[in-house]
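Engineer: These protein sequence lines are chains A and B, in that order.
My numbering puts the first residue of the first sequence at 1, with every later residue one more than the last.
My numbering puts the first residue of the second sequence at 1, with every later residue one more than the last.
Do not take every clue at face value.
Simulated DEER-style distance windows between Cβ atoms [said to hold, decoys possible]:
id : chain 1 : residue 1 : chain 2 : residue 2 : range
1  : B       : A50       : A       : D273      : 48 to 58 Å
2  : B       : T70       : A       : I191      : 52 to 62 Å
3  : B       : E159      : A       : Q38       : 46 to 56 Å
4  : A       : D273      : B       : K3        : 23 to 33 Å
5  : A       : E317      : B       : A50       : 34 to 44 Å
6  : B       : S23       : A       : G312      : 29 to 39 Å
7  : B       : K84       : A       : R270      : 31 to 41 Å
8  : A       : L100      : B       : E159      : 50 to 60 Å
Calculated directly from the structure, the hints in this document are not laboratory data.
Even for Gly, the Cβ is constructed at its ideal location relative to N, Cα and C.
Chain by chain, the residues:
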Amino acid sequence: MEKKWQEMTSDEKQEAMFQRWMSPKDLQGNDIKFQSPQAEKAYKERITIIKDAIQMKKLPNRVPVFLLPSFFPCYHAGITPRDAMYDYDKLNMAFKKFLLDFEPDTNLTSIGPGPGRAFEILDYKLYSWPGHGVSPNASYQCNEGEYMKADEYDALIDDPSNFFSNTYLPRVFGALDGFKMLPALTGILEIFGVAVNFVPFGLPPVQATYKALFEAGAEALKWIGAVGAFNNEATSLGFPAAFGGFTKAPFDTIGDTLRGTRGIMLDMYRQPDKLLKAMDRLTPIMIKMGVSAAQMNGHPLIFIPLHKGADGFLSDEQFKKFYWPTFRKVMIGLINEGVVPFPAAEGRWTTRLDILKDIPKGKTLWMIDQSDMAKVKKTLGGVACLAGNVPSDLLKLGTPEQVKDYVKKLIDTAGKGGGYIVCNGAFFDEVKAENLQAMVAAAKQYGAYKK
Amino acid sequence: MAKDLVKTLADLKEQEVMEIVKSRLSAGDDPLKILEDARKGMEIVGKRFASSEYFIPDLVYSGEILRAVTELVKPKLSKTTESKKLGKVVFGTVAGDIHDIGKDIVVFMLDVNGFEVYDLGVDVPVQKFVEKIKETGAPIVGLSGFLTLAFDSMKQTIEAMKAAGVRDKVKVMIGGGQISEEVRKYTGADAYGKDAMAGVALAKQWAGVK
C-alpha cells in the first residue's frame, strides 16, 4: 500500500514530487498525451538529468541547460513586450518559437509577461509595464514605494490577510479602493448582528471594486487558458516546465513591495524587533505559497528570486540577523514538503557562501549570477546543485565562440562531479540569438559525463 | 559639554544627534557650524562605506538623520553657505530603465565626497542628458542602468552627446548590475565603475583631486 503523504520522509516526498513531474497532467487533471514516443522519452530524460543534478546522488548523463530570459522571446520573434501582454496568440507564438529555436531542457513557459488588460482594469500601480509607464518595447519594472507605512507592522503581524485586503491591496491597485471598507470576515458568527457585516457589500465603492475584480478575473482566466494551452503543448513536445511556482525570502517580501528598500533599511535601525517579528509571521505564509503552487502544478521546483541579501546590500552581520534566518526557514519548510527551492542569487553573493551552505544536501537548486563560481562550487556547491553564471554582457556583446569557451570552462569547474546546470546568470532582455544557440550547443557538446 | 556631533552622526546615533543639535541651537550656536559638523560626520559615513564597514542600510539611515538635522537647523539659517565643491556631475538612469537604488547610492557617495550632483532621476531621455550637460557645463557624466536594454540606451545617450558636440567636453562613466568592461567598449563610455566607490574614485581622478 502507498504511504500517506504525512507519513513520508522529506526524501520520499521529494521523490514523489519528481514522479508527479514525470507524469504531466493538464489543469483538469487528465494525463497529457505526448506527440510522439520520442517526445515522451525526451521529456523523461530531461527530468531525469535535472533530478540527478539536483539530488547529487549519481552523475547525470549530461549537464542540463536552462535558458531563463525575461522578455527576450518577444524581441526574438519580432513582437514588442507590450504585444505579449495584450495579445495572447502573439505571446504563445513568441514563446513557442523561443522554445523550438533553442531547445533548452526546460520550457520557460509564457506566464512571465502577464495580462496587461487585467492590470489596467485593476489600475495596478506597483509596476510600470510596456506602454503603461515605460516604452512598449521595454520590460515591466517595479515602482518602489512605502506601500506599507512604518507604523503598520502591528497591523501586518496581527492579521496579515486583513492587512493585505484592507490596506495594502487598495494602495497597490487603484480599482480595489473599496476593499478599505470591507468588514473582518471573522466577525461573521451567528444570526445576531451578522447582517451588519454585509452592509459594506452594498456600498457603491465596494460594488465598483467587485465589478473591477470580476472583469480582471475574466481577463486573467482568458490569459491562463492561453498560457496553460502552450504549457501543455510544450510538455507534449517533450519540454518540462522550468518552475512550479514561486515564493520569496521574507526580508525581500517586506523590502521589495511592502516597505521598500529605504523603508526596510530604516526599520533595521528604528524598529528591528518589529521587522524580525513580521518576517517570522510571514515565514509560514511564504512556505505555504510555495508548497501549494508545487502541489497544484505537480512540479517540485519553486523559484525564489533573491534581492536584498546580495553582497554590498547588507553587512554579513546584518545578513545573519535579518535575511538568512527566515529565508532558511522558508527553504527548510519547502524541503520538508518535498519541494526543491530554486533561489536566484542575482548580483554577487560571494561573501555569503559560508552562510548559505548550511542547508541539507541534494535538496536545492541555486541560480548563480556573478558570484565567483569556483568559490561557489567549493562551498555551496558541496551541498547544492548550481545553475547559471553565463553573464548577460557576454550573451549580448560576445561572440558564439566566446560563449562556447565560457560554457566549457563552467562545465569543467562548476560541472565537476555533477550538480551543475548551464544557465544564464540574470534575466536578460535583448541578447544575440546566435549566442544562445552557442550556449545550448556547448552544454550538449561538452556536458556529457564520461562514465 | 555636549557630545561631539561629528562622531555621533558618524556612529549613526539618531536620538543623540537630535539632542545635540537641539541643545546647540538653543544655546545659540551658529547653525552653519552645526551643518558643517553634520557634513563632516557624513564624510566619515562615506569613508566607512568605502572601507566596507558600513553597508547600504547604514548609508540610508545616515541620509535620514542628516535630513532631520537639516530640517531642524534650516529655519535658523540667515544665509546659505556656499561650500566649495570639487566639480559638477550630471547623473541619471538611462532611457527605458527605472531602477534607482544603484544610482541613488552613487549619487549619495559623490555628494558626501564633495561633488555637486545633478540627479536627473530615472528613465532619462537622451536629450535631457545633453541639455543638462550644456546648461551646467558639468565635465563628468554618470549613466546608470540595471537592464540589458540599458546597454543600448547608454550607447545612444553617448552618441547623442557626440551629435550635440559635447562628447569631447565630458568624461562619461557607466555602472549597474550587469555592466562590465565589454559593455563600456560597446557604449563608448570612458570608464565603468563596479560599485559606488569606483564611481567616486573615477570622478575624483577626472576632477583632478587626489
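Engineer: Each hint: holds or not?
Structural biologist: Structure-based check of all given hints:
The hinted range of 48 to 58 Å is not satisfied by B:A50 and A:D273, whose Cβ atoms lie roughly 31 Å apart. Checking the proposed 52 to 62 Å range against B:T70 and A:I191 shows it holds: the Cβ atoms sit about 60 Å from each other. At about 49 Å, the beta-carbon gap between B:E159 and A:Q38 stays in the expected band of 46 to 56 Å. Against the hinted window of 23 to 33 Å, the Cβ-Cβ separation of A:D273 and B:K3 comes to about 26 Å, which satisfies the hint.
Checking the proposed 34 to 44 Å range against A:E317 and B:A50 shows it is violated: the Cβ atoms sit about 18 Å from each other. As the Cβ distance of B:S23 to A:G312 is approximately 36 Å, the hint placing it in 29 to 39 Å holds. Judged by the Cβ atoms, the range 31 to 41 Å given for B:K84 and A:R270 holds: they are separated by roughly 34 Å. For A:L100 and B:E159, the Cβ-Cβ distance of about 36 Å falls outside the hinted range of 50 to 60 Å, so the restraint is violated.
Figure legend: structure checked against the earlier numbered hints; hints not met, in rising order: 1, 5, 8.
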